[in-house]
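Peer 1: Protein sequence lines correspond, in order, to chains R and S. Numbering (this note's numbering) for the first sequence: 7 to 537. Numbering (this note's numbering) for the second sequence: 709 to 898.
No lab work stands behind these hints, which were simulated from the structure alone. Virtual Cβ for every residue (Gly too), placed ideally from N, Cα, C. Some hints could be false.
[Claimed, not checked] Per the computed footprint, the stretches of chain S lying under chain R, defined by three or more beta-carbons under 8 Å from a beta-carbon of chain R, are:
| hint | segment |
| --- | --- |
| 1 | 718 to 724 |
| 2 | 732 to 739 |
| 3 | 750 to 759 |
| 4 | 870 to 884 |
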Amino acid sequence: MPLTRPLERLVRRPLALADALCNRLYGWRYNPLYQSGTIVVVLLVVLIVTGIWLLLFYRVGAPWASVARLTDNLWTGNWVRGLHRYASDAALVATGIHILRMFAQERTWGPRTLAWVSGLVSVGILVVCGVTGFIMVWDTFGHGLALETARLLDALPILSEPISRAFVGERPVPGTFFFLNLFAHSALPLAVGVGVWIHVARLARPTLLPPRALTWTVVGLLTLVAILWPLPMAPEANPFALPQTVPTDWFFGFWLPLSERLPAGIVWLLGLSAVGIVAAVPWLARRTGHDHPAPSVVDRQLCTACNQCVVDCPYEAIAMVPRTGDRGLRADGRSERVARVNASRCVSCGICAGSCAPMGVGPVGRTGRAQLDEFRQFLAASAHDPDRIVVLACDRGPASLAPALAAADAELHAVACTGNLHTSVIEHAVRSGALGVLVLSCPPRDCWGREGPRWLDERLYHDREAELQARVDRRRVRVAYVNAAERHEALTALRAFRADLAGLAQPALEPTLDLDLVCNPIPLEEEDAAR
Amino acid sequence: MIRSIRVALGGLGAVGTTVLLAALSRAPQRAHGTEAGLLRLSWSGQPERVEICRVVPEAELANLPRHMRQAVICEGRSAAYQLTVVRDGETLVDEPVWGGGVRHDRPVYLYREFVTDPGTHHVIVRFTRVDEPSSPQSPTGDSVSATPGRGRLDRLPPELVLDTAIVVHERRVVLVTFDPGQRRLVLRTE
């Protein structure tokens with residue numbers, strides 16, 4: 007068992023509760039916790055735009071005076087500076103939530119290692135960029151940051167001359183220092199941009215921006231606070247004064263009170279240990295042996311080269327390749343190509359299992375065929391109540407509500423992810439006489455496999471391959487988005503569905519129908535042989 | 709939950725979070741809790757180069773190839789210093805100071821701070837070279853004067869002493885530094 011698993015579980019519960027609260031207040035579409043990553047991107051854009059504006063007024067020869075002049079200007083200076091500050095703080099908070107979320111959802115290791123490490127590097131650069139920004143102002147907080155940072159750097163045997171002495175009043179702080187600091191503050195965002203690019207490099211269709219309404223709400227609220235509660239100007243840095251209190255940005259300066267009281271060596275040890283542990287998460291959280299989810303495999307005899315799994319894969323792990331040297335080569339040339347899974351990029355999300363009509367692709371044990379087999383066993387063991395509603399719930403979220411749903415007379419069958427769910431399973435459930443099928447899915451932005459709920463919706467209602475067949479009565483199928491902590495919402499959805507089903511006639515069990523043939527198409531080669 | 713209540717609570721939550729964010733971005737941190745000031749020592753300079761020379765005996769020279777025969781051989785190194793700080797008769801520090809770098813041949817960088825109560829204090833700061841040039845007797849009995857290395861203007865003098873009364877104000881810093889122009893320790897408060 008990976009070392010991090012207990013911690014992942016520990017984080018998951020409060021996160022689910024917070025998600026449930028935000029879902030109730032804002033709805034899952036606009037839940038800011040689900041959009042933490044995209045909110046960071048929006049805030050980076052705000053930082054760049056406001057930063058360019060502020061740069062026009064900054065003078066390296068008189069840093070504090072130029073910022074003070076800017077702060078005095080209520081219309082074009084102060085609120086822009088406030089927005090710049092608050093956006094940087096909010097970006098750090100959103101990043102923290104994003105990191106916690108990815109950690110709790112076990113999205114840290116294997117093919118996601120690159121995203122984790124590049125994300126961490128980007129956060130590190132963002133923090134350094136923020137620190138240089140506070141030093142630019144050269145107020146008491148900036149001076150404190152500069153002194154402490156210099157003390158820590160001086161402890162390393164890399165600088166020929168200690169830089170602390172530049173800030174202690176022996177001589178005026180050289181203008182070159184402020185120029186270099188400004189250069190770093192302006193250049194580092196480029197590195198953050200590269201980091202974000204690498205961060206999403208392995209994703210298909212990366213979502214970079216939140217819904218428009220959420221974007222404008224976040225930017226609007228930060229702007230409003232910047233206008234209504236103007237950012238004050240702290241006193242100018244003075245190496246000969248020891249201020250009693252320093253107005254501190256706790257998001258970027260939270261470490262100062264502790265660091266100032268400890269020897270530099272201990273601070274480095276603590277800091278590097280913390281960074282090392284977080285950076286090592288992909289290796290600490292890695293599942294091995296029995297725990298390791300198998301990557302998807304392709305049944306080359308079933309593959310029709312329809313390309314749907316290639317399109318649907320959220321991680322660009324599947325490609326179509328020529329079917330060379332394959333014993334399954336078709337003489338009629340209908341499938342000259344075949345899907346191939348790149349195991350090093352496959353996170354075993356299983357989305358491809360739901361996208362393949364002939365059920366020829368998916369992680370071992372979770373292909374469409376395996377899902378049907380499992381569902382048949384579930385049906386065989388179930389009570390066959392004529393009024394039963396079958397609930398197909400995502401194992402990573404709403405499946406934990408099983409006791410509550412069972413108490414409400416629903417038969418719950420957990421699936422690895424509703425995005426994996428092959429529509430044949432739903433069809434099988436309806437045709438086997440269930441009153442209705444309720445699919446309880448995680449909200450779209452909360453899917454561990456990124457795009458599962460989106461593809462599920464399209465397969466059920468928009469004819470996306472592998473679509474739910476037209477012969478299935480759509481009134482008996484419903485999808486509801488709930489997370490593990492939304493017991494009330496799940497039961498409400500169940501009750502509403504039951505009420506709607508009450509108006510429908512009792513479904514007919516189709517014993518004469520060969521469900522195996524309908525829902526589980528035979529391999530093409532066998533079909534050919536039969537012909 | 710009634711929609712209007714939900715919207716109101718959602719709005720309040722969003723505004724509250726933003727205000728909390730703004731408050732945490734400017735919340736005061738207690739930096740210096742006491743009224744005390746600081747006595748700060750900060751200066752740098754090139755340490756003197758100390759050379760120890762000896763006269764090489766004729767017999768030893770004879771054993772050397774002609775092009776290597778030098779009558780006087782000198783070995784040099786950067787001097788070390790002793791820093792002593794005494795405040796109102798109490799010794800705050802008495803320790804050796806070397807130049808930077810593995811061979812201690814880089815400039816001396818000195819930076820020390822001492823918390824000092826407000827008021828008038830008698831302070832003695834002494835920075836003295838401890839590597840004295842030696843005058844070893846040559847094997848032949850010839851004595852040779854050891855000489856300091858080639859001096860440069862920015863090299864630290866053999867001894868720097870500041871013996872004075874200082875006035876420390878509440879939460880203010882008194883800086884003792886080396887003035888290369890005057891080649892002595894000076895006080896700065898602004």
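Peer 1: Determine for every hint whether it applies to the structure shown.
Peer 2: Right, here's what the structure says about each hint:
1. Counting residues of the segment 718 to 724 of chain S whose C-beta lies closer than 8 Å to any C-beta of chain R gives 4; at least three are required, and the coverage claim holds.
2. Three residues within the 8 Å Cβ limit are the bar, and the segment 732 to 739 of chain S against chain R gives 8, so the coverage statement holds.
3. Counting residues of the segment 750 to 759 of chain S whose CB lies closer than 8 Å to any CB of chain R gives 3, which reaches the minimum of 3, so the coverage claim holds.
4. For the segment 870 to 884 of chain S, the proposed coverage by chain R is satisfied: 4 residues have a C-beta within less than 8 Å of a C-beta in that chain, meeting the threshold of three.
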